[in-house]
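Chains as they are written, first to last, in numbering that gives the first Met the number 0: chain A, 0 to 185; chain B, 0 to 382; chain C, 0 to 177.
Be aware that one or more of the hints could be misleading.
30 angstroms max Cα-Cα, derived BS3-like pairs, lysine-lysine [unchecked claim]:
| no. | chain 1 | residue 1 | chain 2 | residue 2 |
| --- | --- | --- | --- | --- |
| 1 | A | K97 | A | K152 |
| 2 | B | K284 | A | K35 |
| 3 | B | K184 | B | K284 |
| 4 | B | K311 | B | K284 |
| 5 | B | K63 | C | K7 |
| 6 | B | K63 | C | K165 |
| 7 | B | K63 | A | K35 |
Stretch by stretch, here's where chain A covers chain B in the computed footprint (C-beta under 8 angstroms, at least three residues) [stated by the list, open to error]:
| no. | stretch |
| --- | --- |
| 8 | 142 to 155 |
| 9 | 165 to 175 |
| 10 | 316 to 326 |
Quick caveat, the hints were computed from the structure, so don't treat them as lab data.
C-beta atoms are modelled at their ideal positions from N, C-alpha and C, and glycine is treated no differently.
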Amino acid sequence: MLGRGILRGLVETWRNFQGSYYDPARLTTVQYPEEKLPPQENARTIPFLVYDGDDPMAGLRCTACSICAAECPAHCIHIVKDTAKKPDYLGKMQLQPKVFNIDMAVCMECGICAEVCPFDSIKMDHVFELSSSDPDMVLQKTDLAKSNDYFRKIHPTEAAAVDAARAAEQRKAQAKKEAVPGPSAV
Amino acid sequence: MIAPPPELPPRPAGDPPGHDLLEVALGPHHPSTHGVFRMNVILDGETVVKLTPVFGYLHRNHEKIAEHNSYLAAIPYTDRLDYICSMTNNWAYVLSVEKLAALAVPERAEYIRVIVGELTRLLNHACLAGFLLQDMGALGTPLMYAFREREKILDLFESLSGSRMMCNYLRFGGCRCDLPPGWLKQAAGVVAGFGPFLDHFEALLSENEILRARSQGVGVLPPDLAVNAGVTGPGLRASGVNYDIRKVDQYGLYKRFNFRVPLGGQGDVFDRYMVRILEMRESLKILDQALRDIPNGPVMDPKARLRNLRPKPGEAYGRIESPKGELGFYLVSDGGPNPWRYRVRPPSLVNLTVLEDMCLGHSIADVVIILGSIDIVLGEVDR
Amino acid sequence: MPTPEQIKERIAAAFPGAPVELVPNGSPAGQPSLLLEPGRARDIARFLRDDPELRFDYASNVTGVDWPERLEKPKPGEPAARKTPAFLEAVYHLYSMALGHGPLVIRLRTGDRAAHVTLPSLTPVWRSCEFQEREIFDLFGIIFDGHPDLRRLLMWDNFAGHPMRKDYAPARDPEAEP
């Protein structure tokens, strides 16, 4: 019968149409911005720098090794090392960055900086509502620093693994220090 | 600047004076050219007598950027070639680097590659079926149904790699990270739901008289021309040539999977559409087998080094059956950390060679459909 | 598939007087390629396509490579550093869809990078070379003799220069690094 194919198609569209009143599989639209889908845990947008404790600048994990800047495909990270050193979570003295800028207009959010960082100090954020009328999109150290509590909130699994690894290393370093006899021991 | 006008064909004999040929520029700003793509079409009434494709509007000199960056840094740029199928772009590139540097890949990583590769094939063919029907005038209904299923696959990619489309997930030596807990179950759910979706999609479309009238007999590509012009992928198989790189080269673990290769009879637009629908069904079979058989284990070769990889001087060409055709990467190393020559062999560009041959004699409305059935993405054509 | 060495012998037998050189490939899994002289290259290509045992009916990838002049470290016994020859290269990867084998890699080299940059076009043999040779002309500057429509492909028609050459410098700095 001529038109049989079109009629079969209309059955499909009718099914979808009446299903859209009650079937959740048909209602896939989220009325943004009144409703928002929470981002998945592994989602990545722009990078940020993790700091421990309360003071963002003193607690920054970054040691200005510049591996992220060297591996960044878009060459958007600019680091200047500071001359002053500060102790890290194991008590070792490390360099710190005086300047750490990321040009977000160039960053392609690939995550390679977070992948290669040996100090778990640069991680990928979840924020995507970044529209602004300011054309300057260079984020500096102060804008990029976010606390470890924030990192735990957005990436709970990864943060838990990082915290566990760091705690294990701290315990190992402590055990090594106590095993070595001090100068006062006889 | 506009390209110099191509030579006009001679006027038909007995043509009344005042009957001129009309030159139309279709694109580059055009909703149906699948990107910034221009076709200079010379029309006799509504019939095409000459067609010249013009592109380069999205040329970003990806190849030169890769020559200035390391091998690792090229991977996010490969996502942006065929921006719909980022996982298969990654796979072709890391396959070439693994050939160049003789790197091994653990078994679990190979299974993951097959799974994400076939999921990519599903979402690409769903996109194509939707867009082709939109070009035919279906005003978005099949497109949105296909996109609804595609969203489920994009959610899978986001939970795996962090990003829906620009995945940057595969690495030479394996994958960037392991599957998150629950991912395999979610993927199995998506695959199980895709079969019924295809049944409904075919019920909507495949017997539709308008679709058949507009696409059968239109844009016929003879198999000899297809082979000589280097057409690969579903367009080649729709013309009846049995050449699927998954079966020929058996890269990855494809020799372990049981699947068929659909072939077309006439090589027209309808065959190219139908071959893609059948390929989606075969991909579901491969996915069922891969999700069932994936072993545990590491996902990255312990000897692989991502940073400062310096392959010995030499060259390698690695190719895969991407959803659009043969995607190959030709790499020449001079022993340094950056490739000396990095070349993308784009399937969309070579498939466009026969666009004019397929369009001659058809009306201008058919040109849009024929272009849609070749399945091009300008990110790949122009790089 | 016959090995590249065997194919070289067959070409030498079919085209006496047309030198074919086997170029080794240093990478671990690499196969050697055949360097053809531009003079008889198109006839040899037709032979590769039509010979019943070879049937290389599909030219998959056509690439240009730029080899500028470089100083090589002197080999032991040589007094000074040698300069490597400078040329542009067109590399073709051939497969056979009929017989399911491949790849065979053939290369054509120009005389130098300035005045002698003409190579025979293999588009009359394999139409898949049409756009790819145009791209090599556009980005490297190799002129393909016998190509049906040799115009720029990706850059605009009045563009001057060949961007993929190693010594190409853009007219102005596109963006300043932060």
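Hint check results:
Distance restraint check for A:K97 and A:K152: the Cα-Cα separation of roughly 28 angstroms lies within the 30 angstroms cut-off, and the hinted pair is therefore satisfied. Annotation: proposed proximity of B:K284 to A:K35 is violated, straight-line Cα distance about 35 angstroms (limit 30 angstroms). With a C-alpha separation of about 16 angstroms, the suggested pairing of B:K184 with B:K284 holds against the 30 angstroms cut-off. Restraint check: the Cα-Cα separation between B:K311 and B:K284 comes to about 39 angstroms, which exceeds 30 angstroms; the hinted pair is violated.
In summary, the hint linking B:K63 to C:K7 is not supported, as the alpha carbons are separated by about 33 angstroms, beyond the 30 angstroms threshold. Restraint check: the Cα-Cα separation between B:K63 and C:K165 comes to about 9 angstroms, which is no more than 30 angstroms; the hinted pair holds. A threshold of 30 angstroms between alpha carbons decides the hint, and for B:K63 with A:K35 the separation of about 40 angstroms lies outside it, so the pair is violated. Using a Cβ-Cβ cut-off of 8 angstroms, 4 residues of the stretch 142 to 155 of chain B lie near chain A, which meets the minimum of three, so the contact claim holds.
Under a criterion of three residues with beta carbons nearer than 8 angstroms to beta carbons of chain A, the stated coverage of the stretch 165 to 175 of chain B is upheld, 3 such residues being counted. Residue count for the stretch 316 to 326 of chain B with a Cβ under 8 angstroms from a Cβ of chain A: 0. That is fewer than the three needed, and the coverage hint is violated.
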